[in-house]
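Asker: Sequence:
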Amino acid sequence: MKKCSTGKKERHQGLLELVFTWPIKDVINQNLYINKSHTSDKQVNEISETFTSTADYLNSFKVPLIEETRADFCSGLESVGHAPACEISGIWLSKNYRPPKNLYYEISTKKISSDDVNNHGLHYEPESGDIFALTNLRPRSIADLIKPDKPLHFAYVSRSSEENEVKMEILSSEKIDRELIKAKNGRIFITYLMNITTNMRIWKALNPDPKSKNLGLIQKVLQYNSLVDDECVNCNSEESCNVMRSSDMFNCLGSFGLDESQKEAILSSISLRKCLHQEYKVKLIWGPPGTGKTKTVASLLFVILKQRCCRTLTCAPTNVAVIQVAKRLVTLYLESLTYHTYGLGDIVLFGNEKRMKIDDHYELVDVFLKYRVEILEECLKPLTGWRASLDSMMYLLSDPQARYNAYIAGDKETKIDKKAENGANVVATNVVKVDKERTTTTKKWKEIINKSMSENKKENRKKGKGKEQDGKTGDNEGDNEGTKMEVMTFEDFQRNKFCSVADRLVFCAENLYTHLPTSCLPLDVAKQMIRLVVLLSSIKMKSCVEMVVIDEAAQLKECESAISLQIPGVKTAILIGDDRQLPAMVQSEVLKKKINFGRSLFERMVRLGKKKHLLNIQYRMHPSISSFPNRQFYENKIVDAPNVKEISYVKNFLDKGMYGTYSFINVSGGKEDFKKGHSPRNLEEADVVDRIIAKLFKDFYCITKQKVSVGVISPYKGQVGLLQEKLEKKYTKHKENFCINIRSVDGFQGGEEDIIIISTVRCNGNGSVGFLSNCQRTNVALTRARYCLWIVGSGSTLGNSTSVWNSLVFDAKTRGCFYDVKDDIDLIKATPAGKTDFFGYLKLEKARWKVVFSNDFKISILSIKSVATQKRVKELLHKIADGWRQSDSEKLVHAVTGYGAAYELLEQYKVADQLNLAWTVDIVKDNSHYTQVIKIWDVLPGFRIPNLAKNLSILFEKYTVDFMNSCKYKSFEGQPCFLRPKFINYEFRQKYIYQKYKQCNLEKERISLWYGNKYKGKMVVKVRDELNGLDMLVVMSGNEN
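Here the sequence shown is numbered in full-length UniProt numbering, starting from 1 and rising by one per residue.
Keep in mind that a hint or two might mislead.
[What the hints assert, rightly or not] When the alpha-carbon atoms are kept at most 25 Å apart in a straight line, the in silico DMTMM-like pairs for lysine to aspartate or glutamate are as follows:
1. LYS610 <-> ASP56
2. LYS656 <-> ASP820
3. LYS707 <-> GLU363
4. LYS729 <-> ASP687
Hints were generated in silico from the structure; no laboratory data involved.
Predicted model, so just to flag it, every value in this text is computed and none were measured.
Based on the provided sequences and hints, a complete structural model is requested.
Answerer: Printed below as a string of structure tokens:
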């Protein structure tokens, strides 16, 4: 690479030219721009809150942007061994090749073979704006790039390959030896490092033409003066607002279900735009989590469209945010249209088609710029477009007999007709089929036109082949067509031609009034499309965008906002965001230290005292979830909407209290692990999260089949990676209805799920929580859930910290939402390290008897440290489950002789010295039948048997005689010591189930009420015995409530 230049010459270089001058040692030097040195006269300084001039403002971001670019470049170099890569298959000089600076080449690439020793990464498909390394060996680490004997170039993708194209254009930092790939074993590898597109756009915005007339908004935000910069008093007066409220606009907003704060935000934005007392205006709309920012933005844009206020540009820092706004706006607009899709041309969506995943959002295809251009191009083609189709129809209807005579005489059809029929995909030999399938729906014609365009592109790629081959192919096609074509009658011919041309006219008409803006196609013309041909020759577009709306503005670096604030004609900026959530991400460690590079324009204006309009009603979180963030981060300014207060918003996905709407699950035995990289992990917490989701899948989804989405959040990349390893592939077969989304806090901003599980990771004795203490990061994590928020972490570590987490732990304990992981035996790690999972290897699924375990047994078996004893219990359980029973002489009965009911049912089998297995026969529902099962109560010393027998006796005494007899019934299988379970049919169930208990006692810990109805004047209640997993029908006496 070239040596780094200095002085005035460097100031005039573009950002890309500057990047190409960096040697690798400078790229990896974090202190390169901390102080001025012999390699650079630039130095990073703190970005001020106010500025004296436009130059002062723009210049303050330049060096930080260069430093951020260096950090991005450095990150790419450090991870080069794992980066996507490919191989150059061909290289040519570009038409733009102008040495010594403009070293443009055209290249084609191919995959690195899977069995190639150089293949140790993902396949790379270069995109515009990428910077990559060109090497003769695939680099395994940054050390391979520094070796002096290895040639190394960096290159920038100036034009990526389009669809069905092979070549792309690159700009290289140095000349490339093109003979290298022609030599024996000569190869050139490409390894991805970074994408510089955004930074180059920012750089361009920071270096405008000094004579530019588009800096008015930039001058407006240099400082803040409450007397001048607040919203206009005259235009925001009570009288003016009342006029707005009484207008059709306000009535229109009422149909959207907007609350008062959202309506006022929209009306004040429209009013601000109309204000004549200030030339340049800026408005802040503050939207905390769940308050409907996207809905408000879409409604604002809808009103602007309907009122034809001005041309407006809407942008956001992420593709997801843009897509959400666009989908809401298009949905609102389509519902309001009177004449089919006429008017949709006023909305244009543009961006990177692949990254925006437009194919996944069919409703946005009509407004996506790339598709719109292709459709309009097809509609305006001279041979197959609107004009040609109209001419064909007029000619057909003016003298149909002459057309038919020409057809019979074998006259060749005109190029227009031939081309049109091919484009419309008409099958001339099946008139009935054509008539039945002819449709005016946009969707079908989109499929036809996409296919046509795809075929045209393929044809263009074949143009380089010999003319003889093309001619021969054409002759063959003509012969085949002549042999296969059947002669039609005059009526069939007329009908076929009419359908063909009519379909083309319908297609062109629909797409023209769908995709052309209303400024180009007035309503009267849309009603009389025949006049469109004349109109199209005089199409004129409106001039300039007047308003810019920036969604999620608090996530945007201020220097990024400079791009949209300099759009020609823009005089009003509406910034919508929340400065109390996470700001933009900054790569450079230098810039994270009070430089303010990640600060947004929204945040700076708030700090200077500019008023922000608050959206004060949240529609996402259950009140028990929103309670703490509202108090901690928003001074209780947020109100819960009626929908989240309804009983139906309470979702009991799992039974236990710790799985309510809000809970903190304490994992005290965890350990933070920094061994793999710098990002900590906590294996114990990951295991708990894994078990919670497994429990949710088994006990909720598999039973109810109800759709549920679960978000798993952790602030640390190490923990996110660990959780993804554990969980992502487990539930892929059910991802449509049981969706698991695992991301960092930063990656989850703007998202929401039914259930959120947070793994906090940190677990130490000194209360150190690192960057977990960041209030903005905590706010985002706590406000993503709709129905349930379960926080998994160390209560002692977080409680002893001096961060917001101290308050959260205290709040959870105060509200009775603090639980220990031991409260649910299913979450306890099965056995100490090195031992096998007792229940995981038990495998009783194929046994004769179904076995049910109590929580007491689960706790006891895990507390047994002897592997031999656990093995003996397993063997005993297998024998019991297969039907084996002890003989009467072997039974232990002395301990329960004093307890009648327990004496009749309780069995005790000896496991080891002083250790017995206690169990009974119970009856549970199994599919459509009820059957006897083995209920394992505990494994315990003999001296504790009387206490267990006493408790069981109290329970058994409530059983009816019929139920007890059903439990005691024995069905022998060949031998006296082998039994098989008894299955009880539905009719017998009606006889005894509702009589299981002599007296129905609705104890909260045991029985839950399901529903009730009248039966012969008495209340029949269905209840569930939680202890035994049994459903019952209980006939109440008539006095119970």
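Asker: Are LYS656 and ASP820 close enough, with their CA atoms no more than 25 Å apart?
Answerer: holds (12 Å)
Asker: Taking 25 Å as the top limit, are the C-alpha atoms of LYS610 and ASP56 close enough?
Answerer: Holds. LYS610 to ASP56 sits at ~21 Å (cutoff 25 Å).
Asker: Given the hinted pair LYS707 and GLU363, is their Cα-Cα distance within 25 Å?
Answerer: Judged against 25 Å, a Cα distance of about 24 Å means the pair holds.
Asker: Between LYS729 and ASP687, is the straight-line Cα distance small enough, at 25 Å or below?
Answerer: Roughly 15 Å between the alpha carbons, so the hint for LYS729 and ASP687 holds.
Hint check: no violations occur; every hint is consistent with the structure.
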